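J.: Whole structure, please, built from the sequences with the hints as guidance.
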Amino acid sequence: MILLQPADPAPGAGCTVAVFGVGLIGSAVVSALEAASPMHRRALPLSWDRESLRARETAEIERGIVAALAGARDGRVGGLRGRLAFVWSAGKADFSAREQETPGELASFRTVLGIAERLASENPELDVVFCLVSSAGGLFEGQRAVRRSSRPSPRRPYGRLKLRQEELLAAGRAPMVKLVYRLASVYGPLSPSHRRGLIPTLLLNGIRREVSAITGRMDTLRDFVWVDDVAAFVARALLGADRGRPDETAVLASTRPSSVREIQTLVERVLGRRVYVTYSIDASNAEDVTFSSGVVPDGWQITDLESSVRAIYRRAVGGGAAFDRAFGRRSA
Amino acid sequence: MERVYLSTVTPVYRGERWLRRLVDEIGEVREALDRDRLPVEIVEAIFVDDASIDGSAGVLAELAVAHAWVKVVSLSRNFGQHPATVAGVLHSSGDWVATLDEDLQHRPRFLVDLLARAASESFDLVYAEPRGAVHGGFRDATSGVYKAIVSWVAANPRIRRFNSFRMIRGSVARAAASVSSRSTYFDVALCWFTDRVASLPLPLAELRVDEQDRSGYSVRALLHHARLMLVSSEIKPLRLGAAVGVAALGLSVAGGAATLLIKLLYPEVIEVRGWTSLFLTLTFFGGLLSLLTGIALEYLSDLHLQALGRPAFFVVDRGKDALLRPLLDRAGGPPGKP
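From first to last, the protein sequence lines are chains A and B.
One point on numbering: in the numbering used here, the residue at position 11 of the first sequence is 11, and numbering is uninterrupted.
One point on numbering: in the numbering used here, the residue at position 228 of the second sequence is 1228, and numbering is uninterrupted.
What the hints contain is simulated information worked out from the structure, not anything from laboratory work.
Take these hints with a grain of salt, some might be off.
To be verified - Derived, one-sided and incomplete: chain A residues facing chain B with beta-carbon distance under 10 Å: (1) Glu141; (2) Arg144; (3) Ala145; (4) Arg151; (5) Arg155; (6) Thr215; (7) Asp219; (8) Leu221; (9) Ser258; (10) Leu266; (11) Arg269; (12) Val289; (13) Phe291; (14) Gly294.
What the hints assert, rightly or not - Away from chain A, derived, C-beta distances all over 12 Å, residues of chain B: (15) Glu1025; (16) Glu1044; (17) Ala1141; (18) Ala1155; (19) Val1179; (20) Ala1221; (21) Gly1256; (22) Trp1275; (23) Ile1295; (24) Glu1298.
Small disclaimer: the values here were computed from a predicted structure and weren't measured.
In this text, a Cβ means the ideal position worked out from N, Cα and C, and glycines have one as well.
T.: Right, here's the structure in full:
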């Protein structure tokens, strides 16, 4: 996890943020928060699998958070004041996770939620926000034109895990603002360390002239959102979340369905050549999920799909030797 | 109950006067489908505001607030009817996508009939076929003549059926829309993805003409459509040039051989010297040029169609068509068939 502490030590200045999970979304949220206001960054480990380590690590994390809050105020510990945000964008389990892979993540979530609730309950002067990054795809898989009134109906362990996390957060009695953002299919820049979705995979393999294996149909519909849009929105929500702000559960989606074939055509247009693709006949990930326009929250802004795909491509090929080191040599 | 989802797409440019009635009628069809327990749901009515020049934007904003199933897409500037339709299709998520004009020329009550026609023989695309005059005699006649000419030139008989009131299989509609560029005629692109095309005779009348005596289409827009239709199509007569070239080449070679034989065996029959060889030389090089030009144009045509996005293949799933059987049962058989 990453702990962000406002660089300005003045009381009440900024917001201390603990980001759990620094994958594609978490790292983008950290960057957006740092861009919004100067912050000191500290990385602390949190094990997903090893229960024996988790207790020690969470204790260390809690101490770090308390120290960061006190430091932000006036150097004293106790009677915490100020603003503290938790962001849960973690996930060892992904969309295709099996049932046995989810309990570890759920246990970690319970632990972190426990820290947030305890700090909120024991420090009335402390404004606590808990932001859970959930999965619209996991919750509404197979549903089309999802509306505000649509009910989550997860079909796989990952979706059930996200729903359980939402339920645990909602059930808490501690005085804190609860923000739940259910994300559509998030795509971001090419990274050797992050999990890659459809768009970065097609781009990367297109650049390397390799074949992309797609577990879906040509006409499978998805809703793609650019990670920087998500991060900017979450950062604004955290930094602007004052005490008394109502809890919010919202879907962050473009509300513009895209078929897999459309994405393939778009990537080919950006690359200026054909990409090689194989489709899995027995596609376990071929269910559509799309969203109606009324489902997104106020203030949510999206970047055009083609613009962001071009940005990913420019960033990738502009990397030159760095790209070759990270992903292997490009084909001419 | 498993359902078939239907999206409607309507480009809006000057529709303030009609939009409320159009949405009301779509709403009535939604309710009727629900009331009759048919396995079809109009999941969204998408209106594409193509930089409308009247109060349409305000009306659409009101309608979107009033109805959760109304979705408004606003284009940054006026792009025209086809690009607006393409934009709407790309925002749709239905198993089927119906495209309707803004001015109630295409009554939503016929949506179920179009869908039933599609289901009758698993068609991917069903056009409304105007029963009687729509825009007025002259425009209908010139449009018909032009479509007939392009249909012949492009060797695409489906062009005669083109109409902006269509019921399209969702996957085919979105695939065609995703490859459509500024120079693509949307219906021609649809034909790249399917040849299972049908039509259904329906009474269509442009109320705008009836009530205001002014068509929604300017002559300029119609000419633009006509040009796009031609540019997007594969022009078969290009091959005629190559064929003529091959024939001329063959004729000149055969003629040359015959002339040579005559020269060797019966030189006395040649009365005018030089004329035959000149004629054969011209025929040979004329034929060669014609053949090479034909080949070059064939390459260009292929590249052009590739640039426009014509696919090598496309996969379609018609498995859900069986769910539409109740529509046929209700209609007492496939609509549009005797």
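J.: Would you list, in rising numerical order, the hints stated earlier that this structure does not obey?
T.: Hints 1, 4, 5, 6, 16 and 19 not satisfied by this model.
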